[in-house]
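Novice: Sequence:
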Amino acid sequence: METILLQIPDDLAERIKPHRHELARILQLGLSQLATGEIASPRDRTIRVLQATGLIQPIAPGLLSRYAVDSPRGRHPPLRLPGKPLSEIIIEQRGRL
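Take the sequence shown: its position 58, counted from the start at 1, is 57 in numbering that gives the first Met the number 0, and no numbers get skipped.
Hints listed in this document are in silico derivations from the structure and should not be mistaken for laboratory results. Hints are supplied without guarantee of correctness; some may be wrong.
Label pairs and their calculated CB-CB ranges [as the list claims (entries may be wrong)]:
1) P77 with L33: 52 to 58 Å
2) R24 with P77: 56 to 62 Å
3) I89 with Q6: 57 to 63 Å
4) D9 with I55: 36 to 42 Å
5) P41 with L4: 28 to 34 Å
6) L80 with L54: 42 to 48 Å
7) G61 with H20: 50 to 56 Å
8) P81 with D10: 57 to 63 Å
9) A59 with S86: 40 to 46 Å
10) P76 with H18: 56 to 62 Å
11) D43 with A23: 23 to 29 Å
Remember, predicted model here, so these are calculated numbers, not experimental data. Positions of the beta carbon are idealized from the N, C-alpha and C atoms, including for glycine.
Start from the sequences and build out the full structure, keeping to the hints where you can.
Specialist: This is the structure in structure tokens:
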């Protein structure tokens, strides 16, 4: 066994202290991920786990193309309706509660 001295930021050292007895395994896992190039974001890991359990499935390309919109949707001008604004009506009704 070999001893290696490392300089790491204080916040990282605090996070590592509770796991000091597992450092060899943590380093092995990290190095294996670096070697395979599979360092995924938490979102990607979550999606992969959910797909493995069958809770979610990838979207079929045919289904995706059915709902894809070719042109960007423009904003519509606000509707001009007679009477009080809805926000004022809601505030009045809340006052009576």
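Novice: Are the hints correct? Go through all of them and say.
Specialist: Hint check results:
1. P77 with L33: 52 to 58 Å: holds (53 Å)
2. R24 with P77: 56 to 62 Å: Check passed, 60 Å falls within 56 to 62 Å.
3. I89 with Q6: 57 to 63 Å: With a Cβ separation near 59 Å, I89 and Q6 satisfy 57 to 63 Å, so the hint holds.
4. D9 with I55: 36 to 42 Å: holds (39 Å)
5. P41 with L4: 28 to 34 Å: Given about 31 Å between the Cβ atoms, the range holds.
6. L80 with L54: 42 to 48 Å: Cβ of L80 to Cβ of L54: about 44 Å, so the range 42 to 48 Å holds.
7. G61 with H20: 50 to 56 Å: holds (51 Å)
8. P81 with D10: 57 to 63 Å: holds (60 Å)
9. A59 with S86: 40 to 46 Å: holds (43 Å)
10. P76 with H18: 56 to 62 Å: Given range 56 to 62 Å: holds, Cβ gap about 58 Å.
11. D43 with A23: 23 to 29 Å: holds (26 Å)
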